[in-house]
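Undergrad: Take a look at the letters that make up each chain.
Protein chains: 2
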Amino acid sequence: MVNVEDRFLAVDWGTTNRRVFLIEGGQVARSARDGKGVTAVEDFAREAKAIRDAFGDLPLLMAGMVGSTIGWRVAPYVPAPAGTAELAANLLWIDPRTAIVPGVSTTGPADVMRGEEVQLLGAVEASLVPADALLVQPGTHCKWVEMAGGRIAGFTTAMTGELFALLRKHGLLAAQIGGEVALGAAFLEGVEQGRKRDLAASLFGIRAAKLLGERDDKDAASFASGLLIGSDVAVRLERQSHDTVHVLADPVLGGLYAAAIEAHGRATRLVDSNAAFSAGIIAIGARAGI
Amino acid sequence: MVNVEDRFLAVDWGTTNRRVFLIEGGQVARSARDGKGVTAVEDFAREAKAIRDAFGDLPLLMAGMVGSTIGWRVAPYVPAPAGTAELAANLLWIDPRTAIVPGVSTTGPADVMRGEEVQLLGAVEASLVPADALLVQPGTHCKWVEMAGGRIAGFTTAMTGELFALLRKHGLLAAQIGGEVALGAAFLEGVEQGRKRDLAASLFGIRAAKLLGERDDKDAASFASGLLIGSDVAVRLERQSHDTVHVLADPVLGGLYAAAIEAHGRATRLVDSNAAFSAGIIAIGARAGI
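If you're matching them up, the sequences are chains A and B in order. With this note's numbering applied, the first sequence has no gaps in its numbers, which climb one by one up to 293 at the end. With this note's numbering applied, the second sequence has no gaps in its numbers, which climb one by one up to 293 at the end.
One thing to keep in mind: the hints can contain errors.
The list treats identical chains as interchangeable, and a pair is accepted whether it falls inside one copy or across any two copies.
Straight line, CA to CA, 20 Å or less: simulated SDA-like cross-link-like pairs of lysine to any residue [claimed, not checked]:
1. LYS221 x GLY59
2. LYS213 x GLY111
3. LYS199 x ALA262
4. LYS199 x GLN243
5. LYS199 x GLY268
6. LYS172 x THR143
7. LYS199 x GLU241
8. LYS199 x GLY157
9. LYS52 x GLY187
Simulated from the structure, these hints should not be mistaken for laboratory data.
Please take these sequences and the hints and turn them into a complete structure.
TA: Here it is, written out as structure tokens:
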């Protein structure tokens with residue numbers, strides 16, 4: 004039952020950024036984004052007070068890294084399959100007006116998410132994706148998620164973005180692949196090579212192609228990005244029969260994933276992740292009676 | 004024709020270390036190792052003089068990174084298939100008594116080696132491996148090499164060691180996998196997971212297993228090593244029918260690769276890489292009439 008009359012504050016509190024939403028009557032009345040991610044905050048109680056001073060003295064529902072070991076307090080993981088009911092029933096209450104949404108876990112193999120679950124469930128709540136769907140949230144730790152009956156049924160995290168960042172900054176390839184990534188022929192060539200799922204050798208091939216004069220350095224970053232994203236897409240789609248993959252990301256990174264997914268013969272739809280988050284936190288807040 | 008009467012100096016000149024050999028009558032009469040790899044040397048002509056002052060005023064035949072863009076002068080790559088004849092015919096002569104052994108390249112996909120070729124050919128010359136064999140040289144950039152008729156027929160480089168080093172030093176897993184690697188159950192569990200060839204997801208699983216309390220941190224480095232080596236072994240052996248893999252490495256790293264290869268049902272033999280290098284450089288020197 005949705006308490007559409009209610010007002011509360013929601014925070015999507017990540018590692019380096021945070022977004023605060025004022026929710027009124029089941030809608031976002033106001034929102035603001037800043038750089039106060041959990042790593043920039045020492046006193047979370049004081050931050051919560053500052054948020055209330057700025058947005059109103061209202062119930063506060065938070066999600067993301069604020070519930071991790073580097074956040075305010077550790078909110079437990081709810082095992083998948085998990086929907087808004089399971090998350091609402093397992094909020095970590097700091098006080099009777101302040102709560103953190105739990106993460107979601109799966110075993111065999113072990114995997115965890117924290118923050119993404121709100122977007123995922125919200126995407127279904129807002130009818131941005133069907134109740135049974137394959138979603139991908141690209142990023143440092145890319146989530147591939149199977150939704151079934153509107154709940155998170157299972158998921159896999161690939162540290163594709165982190166590997167790319169490490170390789171751009173350190174080691175043999177850093178000088179070659181530090182440039183901008185463009186969605187073009189070199190990226191798609193990388194996606195094709197990613198089908199081999201042989202990262203350690205394909206990455207060395209970037210160096211060898213330079214030494215043998217086979218590829219311009221200006222294309223190396225795009226090729227490397229295609230290789231990493233392409234490997235990720237290849238292994239994930241091998242196990243999935245969905246015709247369409249719903250991509251929750253900004254248009255740039257989302258566009259790269261969409262191109263790689265389409266190269267594998269699947270359709271893609273870009274989903275607005277901010278709209279998904281607000282729909283998700285509103286649904287969880289309503290379920291919890293916040 | 005082997006000029007067994009001749010004396011010359013050979014240098015295995017790598018990035019961070021170097022080993023000098025005095026060759027007399029086709030045998031190593033004396034050798035010495037130091038930390039003067041190419042990155043520690045500015046004036047190579049002066050270093051060559053210093054080597055001659057210490058070991059005798061003799062012809063000097065060098066191999067390894069000394070022939071790279073960070074070395075004395077760039078020796079070209081000889082395309083595979085390549086044997087001692089092709090290498091001896093393509094020495095880069097600095098002066099009539101001083102030469103650098105070329106590297107070996109292959110295309111489709113692009114790959115290069117520089118320094119390893121002497122060990123590989125020497126292993127056959129010294130009858131340490133058969134003329135038709137699969138060899139692996141584990142390390143920062145692991146080489147997998149198919150020898151045919153005593154020549155380097157084809158090869159693949161996997162930057163397995165570099166990826167492990169990057170992950171131990173930077174990013175999400177650094178705090179977990181910085182410890183010692185042991186050849187035990189956790190390593191072999193990693194080798195098994197490596198069969199999935201899904202590095203980006205399996206690596207995140209190390210973090211998830213910790214958060215869910217599924218694996219002790221003391222085993223994480225061994226598991227990660229097994230995962231990376233296991234992925235490398237899995238993709239390579241899929242394309243190879245050799246019953247035995249010859250491992251050119253020190254016993255510790257060689258032992259890890261041997262265990263992973265044996266877990267895939269192949270036999271292994273550890274080959275002494277120093278003996279292989281000296282046999283190779285003696286054969287090339289003899290061919291070149293040095």
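Undergrad: Hint by hint, where does the structure go against what was stated? Just the numbers, ascending.
TA: 1 and 9
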